[in-house]
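Please construct the entire structure, taking both the sequences and the accompanying hints into account.
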Amino acid sequence: MVAKTQTKKPAKPRPDFPLYAHPRGYWCKSYGGTKHNCGPWDDPAAAERKWLEIKARLDEGKPAKAATIATVKVICNRYLREQKQRAAMRDISDAHVREVRAYCVQLLKHFGATRQVDTIVKEDFAAMKSKFPTKWSLRTRRNNILGIRAIFKWAWENDLIDSVPKYGKLFSVPPKRAIRIEKADKPKKLFTAAQVWSLIADARPQMRAMIWLGINAAYGNTDCAFLQANWIDWRESWLERPRRKTGEDRAAWLWPETVASLQAVLGGTRPEPKPGVNPDTVFLTRTGQLWLDRASTNRDSIGEQFRELAKAVGCYKKNVGYYSLRHTFASVASGCGDQIAVDHVMGHVNSSMSAHYREFVDRDRTRKACTYVRTWLLADKPQDWNSSEASR
Numbered sequence: 001m002v003a004k005t006q007t008k009k010p011a012k013p014r015p016d017f018p019l020y021a022h023p024r025g026y027w028c029k030s031y032g033g034t035k036h037n038c039g040p041w042d043d044p045a046a047a048e049r050k051w052l053e054i055k056a057r058l059d060e061g062k063p064a065k066a067a068t069i070a071t072v073k074v075i076c077n078r079y080l081r082e083q084k085q086r087a088a089m090r091d092i093s094d095a096h097v098r099e100v101r102a103y104c105v106q107l108l109k110h111f112g113a114t115r116q117v118d119t120i121v122k123e124d125f126a127a128m129k130s131k132f133p134t135k136w137s138l139r140t141r142r143n144n145i146l147g148i149r150a151i152f153k154w155a156w157e158n159d160l161i162d163s164v165p166k167y168g169k170l171f172s173v174p175p176k177r178a179i180r181i182e183k184a185d186k187p188k189k190l191f192t193a194a195q196v197w198s199l200i201a202d203a204r205p206q207m208r209a210m211i212w213l214g215i216n217a218a219y220g221n222t223d224c225a226f227l228q229a230n231w232i233d234w235r236e237s238w239l240e241r242p243r244r245k246t247g248e249d250r251a252a253w254l255w256p257e258t259v260a261s262l263q264a265v266l267g268g269t270r271p272e273p274k275p276g277v278n279p280d281t282v283f284l285t286r287t288g289q290l291w292l293d294r295a296s297t298n299r300d301s302i303g304e305q306f307r308e309l310a311k312a313v314g315c316y317k318k319n320v321g322y323y324s325l326r327h328t329f330a331s332v333a334s335g336c337g338d339q340i341a342v343d344h345v346m347g348h349v350n351s352s353m354s355a356h357y358r359e360f361v362d363r364d365r366t367r368k369a370c371t372y373v374r375t376w377l378l379a380d381k382p383q384d385w386n387s388s389e390a391s392r
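Under our numbering, the letters of the sequence shown match residues 1 to 392, in that order.
Fair warning: there could be bad hints in the mix.
Stated by the list, open to error - Label pairs and their computed distance ranges (CB to CB):
(1) Arg180 x Pro382: 34 to 42 Å
(2) Pro279 x Asp94: 19 to 27 Å
(3) Arg358 x Ala127: 45 to 53 Å
(4) Thr246 x Lys8: 20 to 28 Å
(5) Ile181 x Glu308: 30 to 38 Å
(6) Ala88 x Leu146: 20 to 28 Å
(7) Lys131 x Trp385: 47 to 55 Å
(8) Leu58 x Arg244: 45 to 53 Å
(9) Asn350 x Arg24: 24 to 32 Å
Everything labelled a hint here was simulated from the structure, so no lab data went into it.
Glycine is no exception: its CB is placed at the ideal position from the N, C-alpha and C atoms.
What follows is the structure in structure tokens.
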């Protein structure tokens with residue numbers, strides 16, 4: 001993956017040009033302690049004219065521009081519409097659009113659709129934060145605050161409001177230190193080898209194959225839901241496909257147990273895929289649907305079934321679900337002595353210069369990382385384990 005680059009800011013068209021290039025793509029002017037957005041980089045002349053108009057109004061004691069009467073509903077609708085357009089162009093994911101919609105619903109529910117944005121003050125934001133569900137973690141609170149702020153910032157950058165609201169200290173994000181402390185107090189997202197064997201033993205065929213993929217290839221819920229049989233090189237027991245979430249290259253050597261379990265799923269009685277579902281999809285629900293579809297619903301059937309399985313075998317812990325198999329792989333595999341190979345299996349983004357120049361990771365290195373985790377798992381294999389259970 002090419003290293004991330006930043007668009008170079010343009011130089012001023014002339015030495016006495018009164019504006020500066022803001023990193024977000026527009027000409028800006030700080031005046032009277034306020035930053036004024038004057039227009040995009042590609043039209044400095046229009047930006048200068050706009051600034052002169054703004055300055056004239058300010059010098060006369062008037063607002064920077066004629067007041068805009070934007071309501072909460074207006075900015076939410078327009079922001080959500082643009083995010084949907086970005087998703088259609090694959091700039092962002094459908095899951096992100098769902099998050100944005102949730103933030104908009106939050107704003108509409110608290111302030112009301114007809115509330116004018118310029119009447120919202122810091123006390124209003126403090127009241128909104130006080131109504132956050134008590135079950136929310138500090139990280140969830142942080143994400144919601146940042147998501148809500150992003151809507152108002154976008155509205156200002158798109159000239160729907162004259163200025164970004166003042167949020168006040170009470171609507172600030174929780175400090176990272178507090179988030180780390182809260183995380184330390186929660187159960188670690190790990191399974192022991194014995195617990196993994198218990199889960200495999202009691203799981204149904206499709207869930208069993210997903211568990212093997214989770215601990216063998218660091219596959220998460222979404223990875224499993226969209227897995228296609230034609231992505232697997234069955235002769236080499238090799239699974240190679242860019243990670244759906246990041247687009248980063250990733251690969252894994254599939255253990256014999258994983259291959260056997262996948263073949264059991266594909267060789268069994270399978271429902272007819274619903275229209276729009278790729279027929280090569282490995283895992284299908286009884287009705288031929290995907291197990292997880294973030295575009296239309298937030299329901300995660302993989303997570304739900306795994307939670308019930310964990311409860312049944314006695315290893316359930318709150319917030320330690322199917323995705324924790326991925327955490328377990330990363331934690332165990334880190335002992336193999338090759339973090340580059342581990343990251344390759346995980347599909348992690350590496351923005352270093354060395355990653356920019358690295359065109360591939362040798363298969364032997366990837367195999368070594370996967371083998372290391374298999375050795376860890378086999379060391380705790382139950383003595384009465386029947387090999388046929390891996391694929392039954």
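Structure-based check of all given hints:
no. : hint                        : in the structure
1   : Arg180 x Pro382: 34 to 42 Å : holds (37 Å)
2   : Pro279 x Asp94: 19 to 27 Å  : holds (22 Å)
3   : Arg358 x Ala127: 45 to 53 Å : holds (51 Å)
4   : Thr246 x Lys8: 20 to 28 Å   : holds (25 Å)
5   : Ile181 x Glu308: 30 to 38 Å : holds (31 Å)
6   : Ala88 x Leu146: 20 to 28 Å  : holds (24 Å)
7   : Lys131 x Trp385: 47 to 55 Å : holds (51 Å)
8   : Leu58 x Arg244: 45 to 53 Å  : holds (49 Å)
9   : Asn350 x Arg24: 24 to 32 Å  : holds (26 Å)
No hint from the list above goes unmet by this structure.
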